[in-house]
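Engineer: Here is what each chain is made of, one letter per residue.
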Amino acid sequence: MLRLVGLCKRYKTGDLALKNIDLEVPDGQVMALIGPSGAGKSTLIRCINRLVEPTSGSVYLNDLELTALNSGKLRKARRRMGMIFQEYALVERLTVMENVLSGRLGYVGFWRSYFRRFPQSNIDEVFRLLERVGLDHMVDKRADELSGGQRQRVGICRALVQNPEVLLVDEPTASLDPKTSRQIMRLIVELCEERSLSAIINIHDVLLAQMFSKRIVGLDEGKIVYDGPPDGLTADVLTQIYGEEDWSETIRAVQDDDDQDEADSASGGSAP
Amino acid sequence: MTSGPVPAARRTWKRPPFIKRPLLRWGLMVGAAVYITLALGTMDANWGRVADGMPRAYRFFSSFFPPDFTSRGGDIVEGILESLWMTVISTAFGIALSIPIGLGAARNLAPRPVYLCARAVLAISRTFPEIILALFAVKLFGFGPFAGILALSIATIGFYGKLLAEDIESMDPGQAEAVKATGASWLQWLNYAVQPQVIPRMIGLGMYRFDINFRESAVVGIVGGGGIGATLLTSFDRYEFDSAAAILLIIITIVMVVEYSSGYIRNWVQ
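So the sequence lines, in the order shown, correspond to chains A and B. Counting in the working numbering, the first sequence runs from 1 upward without gaps. Counting in the working numbering, the second sequence runs from 273 upward without gaps.
Next comes chain A alone, as it looks inside the complex (with noise of 0.2 Å):
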C-alpha cells in the first residue's frame, strides 16, 4: 500500500504545487489522477520516488517512510517503484534491450552493467516481457527507431523489470494517437492486474481515465478536489476540476464507451 501523508511541495520559484496531500492507494488499485495541465498531477508522482524533493509530509511505501530515507537507501526503494514517462523516456541510442535491462541498474553492480552482463535470468525475463508486449524480434533496434507507440511498451517493460510494487505513470498516452492510447492504457491495466499491482496514473483525457480505472482522484492547484469512482464525474465535479466548460459531451461519451467493442473506434482524443 502507498499512503501520502500531508504532502506538500513549494518550488524555489515559491509556487505551492502541492497543499497537504493525504492519498491511500490499496496493494492492486490502479488510480487515475486527472486535473488540468499544472494541477501538480506531475510533482505528486515525482514526490513519490523523491525524483523531485517534497518539501513537507511524508510518503510510505508498505511500513517504509521513502521520504526519510538516505540516498543510498533511496536508491534500493526505488527499485520497488517503477516509472513509465509521457515521452518514454527511452535513452534513445541505447538498444530496446539495453533500455529494458536498465530496469535492473539497481539490482547489478556497475562492472556488470558497464559490460552488459547481466544474469541469464534477466535476459529471460527481459525476452518475456517484450514477447508479452509483442515485441521480442526488435531487441537490437535502437529505441530512436521505433514508433511511439512501440516506445511506451518499451517503457513499460522497463518499469515491469524492475519488479516493482507499485507503478507511477505520467501521462503514458499524452505523445500517442487515440487508438494507441487505448491500447496502451489497457496493456499497463492489464499488466497491473497480471501482478497485482497498484498503480498512479496521471493522465488529462478524461475520457481514457474513465474506461480504465475504477477510481479517480481529481487534482486542482495541488488539492484533491475529487476521490471516486469514474461515474461520479458529473458536469459539476468536472466544472470543480477543470474550470466552467460544457461537459455534456464528456459525460455522454462515457456511457458509449461502456462497450468495450468500440474501444478502438476513435474518438478519444475529443476531450479537454
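For the record, the hints were derived by calculation from the structure and aren't laboratory data. Treat the hints with care, since some could be wrong.
With the C-beta cut set under 8 Å, the calculated list includes, among others, these residues of chain A facing chain B [said to hold, decoys possible]:
| no. | residue |
| --- | --- |
| 1 | L69 |
| 2 | K73 |
| 3 | S113 |
| 4 | R117 |
| 5 | Q162 |
| 6 | E165 |
We treat Cβ as the ideally placed atom computed from N, Cα and C, and that holds for glycine.
Based on the hints, put chain B in the right spot on chain A.
Structural biologist: Relative to chain A, chain B alone:
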C-alpha cells in the same frame, strides 16, 4: 475607389525592433559608425609601402616553388612523425583529464563547490593560447616534445572539458530522470543515461581537437616544443623556403585528411 465606409483606424504592423528603446538603438548604431570611421582614420595605412612590398611578396612566394620534399627529407619525416605522436598523446591525455573536469563543470551533475572549481580550472586553461603555454613549458622543462605535449594537453583540457560540460548540461533531462528512477547508482546513471547522449558529439569533437592539436604542434615547435614546427623554423632560418613549402603542404594534407575522416566518423557514430 469605392464609396464604402473608411475603416476607422487602419491597423498597421511592423516587426518589433531587436532593441526596443529608440534612443539606445540609434545611439548604438551611430556610435558604432563613428568609432569605425575614427578607427579607420587612425590606422594610417601607408599605401606606398604596401606597393613597395608587392614585388618583395612576389619574390618571397616564388622562392617557395617548387617545393622541395627531398633535400631535407629525413628531417621532415622525423618532424612529422614527432608531431603526430605528440598529437596522439596530448589529445588522448588531454581528453582523459578533461572527462572528470567536464563532469564537474556540468551544472546539472556537480554540486556547487565542485562546479565552481572545475569551471575555474577550465577558465584558466582556456585563458592562455597554446603558444603561451608552450613558452611556459619550455622555460620550465626545457626544449623538446615533452614541453609541447604538456602545452597541448592543457589546451585540450580547456577546450574539451568546456564543450563536454556544455553538452551534458544540454542533454535531455527526461532520459536522465528515467534511468535515475530505476534505482541506478551514480556511475551506472552516467554510463546508461549521460554517456549515450553525449558520446557521438564527443567523438566528433575529439577528432576536431586532434586536428587542432596537429596544427598547433607546428606552432609550439617554433618556440621549442618539438615536432614539425622545429623543422619548419630551421628551414626558414636557413632560407630554405622550398623545404618550408614542402612542410606546409604536408601539414595542409594531413589536416585535410583528418578533417574528412572526422566528418565521416561523425556521421557513422550518430
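Engineer: So, E165 of chain A near chain B? Judge it on the closest CB pair being under 8 Å.
Structural biologist: Since chain B brings no Cβ nearer than about 13 Å to E165 of chain A, farther than 8 Å, the hint is violated.
Engineer: Next item in the hint list is L69 of chain A. Is there a CB on chain B closer than 8 Å to its CB?
Structural biologist: violated (12 Å)
Engineer: Taking 8 Å as the limit, does the beta-carbon of K73 of chain A come near enough to a beta-carbon in chain B?
Structural biologist: violated (11 Å)
Engineer: So, S113 of chain A near chain B? Judge it on the closest CB pair being under 8 Å.
Structural biologist: holds (5 Å)
Engineer: Grab the minimum C-beta distance from Q162 of chain A to chain B and call the hint holds if it beats 8 Å, violated otherwise.
Structural biologist: holds (6 Å)
Engineer: Closer than 8 Å between Cβ atoms is the bar; does R117 of chain A clear it against chain B? Give me holds or violated.
Structural biologist: violated (13 Å)
Of the numbered hints stated above, those contradicted by the structure are hints 1, 2, 4 and 6, listed in ascending order.
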